[in-house]
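Use the sequences and the hints to build the structure in full.
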Amino acid sequence: MLHKTRGIVFKTTSYSENSVIVQVFTEKFGMQSYMVNGAKKPKAKISLNMLQSLSLLDMVVYYKNTGNVQRIKELKNSPPLQTIPYDIIKSSIALFLNEVLYKAVKQQGTDESLFDFVFSAIEWLDNQTEGLANFHLLFLVRLTRYLGFHPDRHLAGEADYFDMKNGVFCNYKPDTTLYLSPPHTHNFAGLLQYNFENLSQLKLSNDERRYLIHKLLDYYSLHIESFGNVRSHDILEEVLS
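Using this note's numbering, the first residue of the sequence shown is number 14, and each one after it goes up by one.
Source of the hints: derived by calculation from the structure; they are not laboratory data. All C-beta atoms, glycine included, are put in the ideal place defined by N, C-alpha and C.
No more than 25 Å apart at the CA atoms, straight line, and that leaves these computed lysine-lysine pairs for PhoX-like: (1) K24 with K86; (2) K24 with K53; (3) K119 with K178; (4) K58 with K86; (5) K103 with K228; (6) K77 with K89; (7) K77 with K58; (8) K116 with K41; (9) K178 with K228; (10) K119 with K77; (11) K41 with K24; (12) K103 with K216; (13) K58 with K41; (14) K116 with K24.
The following label-pair restraints were derived from C-beta to C-beta distances: (15) S213 with T79: 43 to 49 Å; (16) G203 with R84: 45 to 51 Å; (17) E238 with P196: 29 to 35 Å.
Pasting the structure below:
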C-alpha cells in the first residue's frame, strides 16, 4: 500500500554498484530503511544528492509492517536545504546532530512530536544567520524532552549542582561523579531558559561550550542504552573555536 509521509535522512549506505539503502526517520512510520535502486547513476530519478544527511523529504512510499527494507515510489527534497551543505559551521553542526540523532532515535517508533521538532530545527538552522555557536547545545537539551529525560527545572538557577543521573538540580553534591558544579550549573540552568529565536543572546566562552557539550553527551549516555561515543563533536569544536 502506498503512503505519503515526510522524512529526514539519517544515514545512506552503499548496497551494490549502483544502489543504496537509506535510513530515514519518517513522520508516519518512525525509523525506516529504504532500498533506492540506481541512486549512483548519473541520471538517477532519486540521486545521492537528494539523500544527504538531514535532508528533508516528501515521499510516497510502499509500506509493509514486516520490519524489512521498504521501497520508495516518489521522493523530493522539501524544502531543499539552501545553506547547510555549503556553510562550514552549519555543515559541521549538522554532522554532529546527525550522529547524535542516529544513535538516539535509531529504534524509535512513530512519534510525530519528535519528528516535528527535528524537522523544524533543521529548517531553522538552514535559514538562520546568527546565534549558531550554541545551537547544538540547545538542540540537545530540547531533544531530551522528546526522549524522556528532560532536566527537571525545579531549583534551576538556584541550586549549586545538577545531578545528571536523576536529571535534577540540587543544593548538595551528589554521591556520584556524574554531576555539574558551579559555575557550570548556572550556565546549564541558563541554557534551559533559551529558545531558538533568542539563542543569539546566549554568551558562552569556547571552554564553557566545550565543557557543556561533553557533559550533555555524558548525560545522553546515561539515559540511552548503547548510545556510545560521539566522534563528530571534535570536528565541531575545532570549527567553532
